[in-house]
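Number of protein chains: 2
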Amino acid sequence: MRKFKQLGLIGCGMMGGSFALAAKKAGLVDFVVGYSKSPQNAEQAKHMKVVDATAASILQAAIGSDLIMVSVPVAATFEVFKALQFGLSPDALIMDVGSTKQSVMEATIKALGVPPSNFVPAHPIAGKEKAGIMEADAGLYLGKRVILTPSDKTAPSFVTMATDVWHALGMAVSRMTAEAHDSIFAAVSHAPHLLAFAYINGLNNQSAAADFLKFAGPGFRDFTRIAASDPDVWRDILIANRKEILKQTGAFQMSLSQLEYAMCVGDPAALRALIEPSSTARSLWEMNAQASPRDAEN
Amino acid sequence: MRKFKQLGLIGCGMMGGSFALAAKKAGLVDFVVGYSKSPQNAEQAKHMKVVDATAASILQAAIGSDLIMVSVPVAATFEVFKALQFGLSPDALIMDVGSTKQSVMEATIKALGVPPSNFVPAHPIAGKEKAGIMEADAGLYLGKRVILTPSDKTAPSFVTMATDVWHALGMAVSRMTAEAHDSIFAAVSHAPHLLAFAYINGLNNQSAAADFLKFAGPGFRDFTRIAASDPDVWRDILIANRKEILKQTGAFQMSLSQLEYAMCVGDPAALRALIEPSSTARSLWEMNAQASPRDAEN
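Chains A and B are the protein sequences, given in the same order.
In this text, residue positions in the first sequence follow the numbering used here: the first is 1, and each later residue adds one.
In this text, residue positions in the second sequence follow the numbering used here: the first is 1, and each later residue adds one.
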């Protein structure tokens, strides 16, 4: 498998920092150069040995790097590729870790004029609700799944190279179109985040909020865990993929109305008939996103 | 502390079975008689040594018992107290474990004509989404909190006795009115269950549901865990406490509309300003429902 001389890490946060640590641990890269919008943050990454050197600009992090990882909130993708346009080696493998894939691809095309053949968009199904370089973790990706969404302009050799990289981090690799990705993750990730934000805000806007939170238990804890997610990351996701997400909240609203109607009219049989399929479906579901490597390379 | 000669367990499910096991383990009771609507289920409880003997009727489980635990879906409360009306010893301590408290108190008054002075309504903030006697667990309540909602007709001696029982199981005990209870738990438990049911149904009603579920990850897992809850138990809760729950979904809808509006108009700053308070509030929240015993006897 190809080893890399230098990883250019653009964005030093939880996701990117974890990638740098994991790549080093796996012996994939010799040297990591990190760029962050906040120089202090890049220094912190260096202090934590997540990166070996800091770069003063996006371009500087890319020059001389044969592996480039863009790990910024998705709306910053355009700015990153614009800065890279005159410094990208055609031999370097470029990836990102964004949770929306159509918007990322559109941003690269807008910035570069053409879809870059050496860019393999990636979305690792891993993370935590805590953001920032302090949360970087060499084990974050191990045993998880990554989705690659190459376009028809992406060179197959780079897709293979990207697949090898994620495999080396102990991940299962799936491939699909950016459109399929965005529709699936609107349904199973973006919409739940939106609903969890709305639920917490709905509580917080009530004068009794403090009393409520005092007695909240394990059900609340799990239901709302994702509401603690990073505001910058999720601001960008909710806007970039809004079309698909609003489709999902539409489906949710329909189901909620049915349940509320059965409650309002006090119809226990109708209500049970609405709860039962949900209870059964969720009981039968087993997580597949977390999988042993090489088990589902579709 | 008072020990009990015989526990009459009415309803042999996860909550009641766990109470019987824990009470025996704590040396609170010598003998357990169990009644279940399904004789097979009562036999299973006996086979598992959750109960020592089975009763053929609700009344038979109560006669001779100085501790009676009613652990049935809340809408069955009336039927239980109706069956008990001519067999209740005024010295027996009666409790329940229902998740709504006004409806339970109303049902006892309706069944008995007067509010029973020896009934101490209880809601242990513990459980799991899996139902049934097979899920009974002697450790379910340990380290958790229970809410008692005695009325002004409940004899103080029985409230003290009930408090001692739950303390003996290693629980923190809080006391409040049934009204306060129902308003708080609509907000932090019942509404989240309703939203989780609606979300899963919204997914399931789409033709791509199987594809969606295949790629759902840890965020989905936690957000939807409570959607696997028991349909009978939750049918009753959602109807019994619908007034408070619908107030909560109203507050939720308002917050969701604000978020959706910011997405629709593509206003990143407004969207961030809505996500940030949610993220901060949830990050700062710490679970208090799970607490060491005797730490908050208010």
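Bear in mind the hints are in silico, worked out from the structure with no lab data behind them.
Since this is a predicted model, take the numbers as computed values, not measurements.
Incorrect hints may appear among the rest.
[Said to hold, decoys possible] Not everything, but these chain B residues come out facing chain A in the computed CB check (under 7 angstroms):
hint, residue
1, Ser89
2, Gly219
3, Thr224
All C-beta atoms in this analysis are idealised placements derived from N, C-alpha and C, irrespective of residue type, glycine included.
Evaluation of the provided hints:
The criterion of a C-beta within 7 angstroms of any C-beta in chain A is not met by serine 89 (chain B), whose closest approach is roughly 32 angstroms, and the hint is violated. Satisfaction of the interface hint for glycine 219 (chain B) is found here, the shortest Cβ-Cβ separation to chain A being roughly 5 angstroms, below the 7 angstroms cut-off. The beta carbon of threonine 224 (chain B) is positioned within 7 angstroms of a beta carbon in chain A (closest approach about 5 angstroms), and the interface hint is therefore held.
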